[in-house]
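Engineer: Here's the letter readout for the chains.
Protein chains: 4
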Amino acid sequence: MLVMMQAHATEEEIRAVCRKIEELGYRAHPIPGETRTAIGITGNTGPVDASALEALPGVAECIAVSKPYKLVAREIKEQDTIVELGDGVRVGGPELAVIAGPCAIESREQAFAIAAAVRAAGARLFRGGAYKPRTSPYSFQGLAEKGLQILSAVRAEFGLKIVTEAVDKESLELVEQHADVIQIGARNMQNFSLLKRAGRSRKPVLLKRGLSATLDEFLMAAEYILAEGNYNVILCERGVRTFADHTRNTLDLAVIPAVKRLSHLPILVDPSHGTGRREKVLPLSRAAVAVGADGLLIEVHHQPDQALSDGYQSILPAQFEQLMDEVRQIAGVVRRTVSTPPALGQVAKTR
Amino acid sequence: MLVMMQAHATEEEIRAVCRKIEELGYRAHPIPGETRTAIGITGNTGPVDASALEALPGVAECIAVSKPYKLVAREIKEQDTIVELGDGVRVGGPELAVIAGPCAIESREQAFAIAAAVRAAGARLFRGGAYKPRTSPYSFQGLAEKGLQILSAVRAEFGLKIVTEAVDKESLELVEQHADVIQIGARNMQNFSLLKRAGRSRKPVLLKRGLSATLDEFLMAAEYILAEGNYNVILCERGVRTFADHTRNTLDLAVIPAVKRLSHLPILVDPSHGTGRREKVLPLSRAAVAVGADGLLIEVHHQPDQALSDGYQSILPAQFEQLMDEVRQIAGVVRRTVSTPPALGQVAKTR
Amino acid sequence: MLVMMQAHATEEEIRAVCRKIEELGYRAHPIPGETRTAIGITGNTGPVDASALEALPGVAECIAVSKPYKLVAREIKEQDTIVELGDGVRVGGPELAVIAGPCAIESREQAFAIAAAVRAAGARLFRGGAYKPRTSPYSFQGLAEKGLQILSAVRAEFGLKIVTEAVDKESLELVEQHADVIQIGARNMQNFSLLKRAGRSRKPVLLKRGLSATLDEFLMAAEYILAEGNYNVILCERGVRTFADHTRNTLDLAVIPAVKRLSHLPILVDPSHGTGRREKVLPLSRAAVAVGADGLLIEVHHQPDQALSDGYQSILPAQFEQLMDEVRQIAGVVRRTVSTPPALGQVAKTR
Amino acid sequence: MLVMMQAHATEEEIRAVCRKIEELGYRAHPIPGETRTAIGITGNTGPVDASALEALPGVAECIAVSKPYKLVAREIKEQDTIVELGDGVRVGGPELAVIAGPCAIESREQAFAIAAAVRAAGARLFRGGAYKPRTSPYSFQGLAEKGLQILSAVRAEFGLKIVTEAVDKESLELVEQHADVIQIGARNMQNFSLLKRAGRSRKPVLLKRGLSATLDEFLMAAEYILAEGNYNVILCERGVRTFADHTRNTLDLAVIPAVKRLSHLPILVDPSHGTGRREKVLPLSRAAVAVGADGLLIEVHHQPDQALSDGYQSILPAQFEQLMDEVRQIAGVVRRTVSTPPALGQVAKTR
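So the sequences go chain by chain: H, W, C and G.
Each residue of the first sequence is one higher than the one before, counting from 1 in my numbering.
Each residue of the second sequence is one higher than the one before, counting from 1 in my numbering.
Each residue of the third sequence is one higher than the one before, counting from 1 in my numbering.
Each residue of the fourth sequence is one higher than the one before, counting from 1 in my numbering.
A hint or two may mislead.
You can't tell identical chains apart in this list, so a pair holds if it fits in one copy or across any two.
[Unchecked claim] Keeping only pairs whose Cα atoms sit at most 25 Å apart, straight-line, the calculated SDA-like set for lysine to any residue is:
#1 K196 to P94
#2 K196 to E170
#3 K67 to A50
#4 K146 to L308
#5 K260 to E326
What the hints contain is simulated information worked out from the structure, not anything from laboratory work.
Next up, chain H with everything else stripped away, as it sits in the complex:
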């Protein structure tokens, strides 16, 4: 259930309603909207008795939530969620978020070379795996904490926001110290223990859609994170598994307007994993922005043939520059913008 407060409800009234909800044995989730606050209720196993709440000062109405998910639903929050990452970097607002970098962090040299290139092309967020979930136990599994330290150095040096994956509670604890956004990968989309732990983090979470996840399952996975109190969740479509063999996965761009309709959360597209083919990253990036995505997640490598993982789907810095250029033009058509990072000197000063 959802308690809609009146537009002029005071902070104190909102707190009182939350207290009452907790007294009833549930959990209260106050979600501020543009004109008024909604309070989501979780923890109930059956319907909640509205009468005890509707009588409280400042309450406008109690409404039943028609979807299995509550906190991620548009019903609770009409406005788009904008995840603030600091220094003017936001995900979900009018400005597109472009996250670029290598599949895996391989060395300080590699990370810095790629960071410099993607920053020059206009990216404001840097990706790179320190913990790599690999199909084979014998494949490169990432540099672990050493990789995270390199990522921290990238932020210090280039002023880029850091997005990197956590694969279990131990890595999540380290990731949240080093990163600006904690990524949960497709294979862990229904690793509910990890989702709950991410929900107790203060860092925003980037949640990738599982390879065979329906839209409902995807939103319910996000709900696990919000239900623990972390409302800064960014969704990411990265292709689903089908019979089609001309790409590694089938990028399901129709899920973008579908998510926008049902949820207030921002959603990005990862055309690198979504196609698994270098030459398809550019056209699908254009398509993703045209369809209404809030940004992109792009694998870039300066020496893709020597990459320790996923080299065949990484694009070169020069291709990324072209991508940014074309994406900027498409963005204009859909009334979005792509900002330019501040000059490097300024970064240094603010640090």
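Given the coordinates of chain H, work out where chains W, C and G should sit on it, guided by the hints.
Structural biologist: Just chains W, C and G now, kept in the frame of chain H:
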């Protein structure tokens, strides 16, 4: 195998090579390119002996074709195929082809009302089914020949090119008399008898991808048509069947660059069937143009709630107008154009 | 709608109800059951007025049909349909129907060698394609009418019932002259013109499930045949298309009990196409019988490495013998039998 | 790489080879076969130099492993792995393993009632979730440790072996104390941290196939467990996600012979999750045994309409009895047996 003629080869030399191929018991398919002609050979069950052909005047070289398809392959023809429909309407060139109209022709009034609307918004091709393949034998199956006559009247009145589906040889014979483009639907993509018959038609063919067709199967289906001598084939992506349930089908936009890489044939996108949801047609149309499609196939109905089929995926004329407007802007980014039909008076004069 | 006649209704009463239905502008389909006859009504676009029919002598009640399909539904006919092929060969009764033979008829010698072998192992039905729908226009397309003549010779010589595929109206007209059962292949499952033509044939029809057909679509395709008056339809599961790559298709054995629940039609399983791997035909045949299928469709070739199509999924005669042996034992557990063909001398006599 | 020891190689020789492998910086996995021991090598990033090993006493030959997986491959161990659970209960041998019980442990009363029923029908292994991965954060998530205590009581009372799921490292640590087999669910099939932890457990692991896992990914997930030193892995097919909507998932029975061909590990089938429909559990259980599965995982509930999860796919004790009866008969055909648990009195005595 493929015989590449020299750039300065004469018509007579090309004819002589074709004659030799036929003498050897095969079929010759001369395909003119920008600088030189390639001659495809079909009808062979094993490898063709190149020596008998390489010695002929004007022959540059004989090359083995590495793909299971020959005539649809880029190897035989580097330049994009442009299908000419007359009056300056083309599919495959710099100008996007937008085919709009109702799912089914229901009456002269309905067809004219929608034709006027889509023409006003800028469409130059009109679609509408006279023969409807329906899952249930008890559903409306189309007006048949009467529907074709209405389509002919639409062309006469509005100067729109007509695209309509044939479902068997009998209907194809009528469709080729009334239409400018013969459509083969997704369910018939591997109805090889129908493909062969379409290959013997002089009218261009629009071939829709089957619901579970791989890229190779899709191109091989087109090859059936070309192998019979009809080189004017337009492909169309219309969504594939997956587990995803937020759309009727999953639109596979990555197939567009994949087709462009392997084949010289033009390819359109049908976001109406591809999503099956009215509100997703506009964003997916933008995405389709952004990814590089040669055009769109859009279901438009002025009274979708009363449509005899597929009303829930048809958009209103006003929505189509907005779609054309946004598509025109995206087209600019990918160096494509969307032309405006000539004034109606001019149409009348040319008829 | 469905008119249920009383148990003691006379032939004349049944005919009178049918006449009345036709007078109302619909089509009547009398379906005799064990104790009483049901009359299906098709051709109506809206609900039928029951009052005009309920008043007629012999009518027990009129009941609305809750499924989109009518004539294939259990609601209209509680007992399993048994398709009689003569000489004691039946599909759908307690005895399993095993149809065996090569993918394609290649020569009289090949067909006879395989026919002798499968007959010796206990098969009573022989399969072999004279018309082959092939992905590539350059692959062997079958011997056409010459293949049908060989099949007729196989029947005369070995007393086997013949099952062979028709791919269009022309081939269907020839197939119905030579075969005992007309096969409609998976790719043509929604070739509605072909289904309607098969519905006007007097020969039973074997309808294979399309590669991405839902259960409803499969049953609706069968409904097309019954709606034209041919009630002898045999369904066949042959695998659906999924992401799985360890078999050519994914055999969906759960569809067998699902069909049995909803429909009175018999259903076979084709593990040869369903797996596309020779070594999996035997275990999946056992599973198909165990799950409750009414029989099997098995590709057998005496020289699979030289087969003109699908050699890698054909089993050898000795493997087929073992298959029949194991299937016979499983059949016993599920209260089914596998009969033995009469001695060859007896066949000669009856011809 | 794989070091094949000679048939008469001594324990000391085997140990010496392992020591040498470890000295080279790799990990040695001695796998005893029927006639000789194979030693798998993991931890190498490139090819291993065979010469240093082939010279050692007792070594027959060094062979390169052709598959991405090593320890799970038939190449390293020709004989089927038999997982010993004590008291004569085995998974993978001639006797079928039937694991039965409720989806979730709800109470001591519920667990005992169902345990008594499934034991009476012949099951020797009991399943029941104490930790339930649920799509919604608001669904019943299991009784956790209290559930494990109830399971321990079931073992003490009924002498049934206990199989229950672990969802993260914390729960795994408790599960390995209470259970005989640790289950890893489909959603966690690529939770590599959990797989590695399970690989360090001394308890056998039941690994369920992910909803969209290819055969290679499934075997690689098992490889993660073996690579850590736990060779007692039992695989389980539980249906994959497809477009088909007549069952919750599509049970892929062809994966059973495919696994048997490539791997020495035992594989079970879970027709309860595989179909999600109570009435399909019995026929698909017969089919699973017929196709060659090493056993079944069946959800049984005495009051399915009141079950806290998955009630609609649980069968009643009486249906389970019939299932055991039919399975026993099919088992005979495929040369497998289904044993009967010892009388309850005897259980008590051995404890």
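Engineer: Now tell me, hint by hint, if it's right for this structure.
Structural biologist: Consistency of the hints with the structure:
{"no.": "1", "hint": "K196 to P94", "verdict": "neither (30 Å within a copy, 43 Å between copies)"}
{"no.": "2", "hint": "K196 to E170", "verdict": "both (13 Å within a copy, 14 Å between copies)"}
{"no.": "3", "hint": "K67 to A50", "verdict": "within (18 Å within a copy, 40 Å between copies)"}
{"no.": "4", "hint": "K146 to L308", "verdict": "within (16 Å within a copy, 45 Å between copies)"}
{"no.": "5", "hint": "K260 to E326", "verdict": "both (24 Å within a copy, 19 Å between copies)"}
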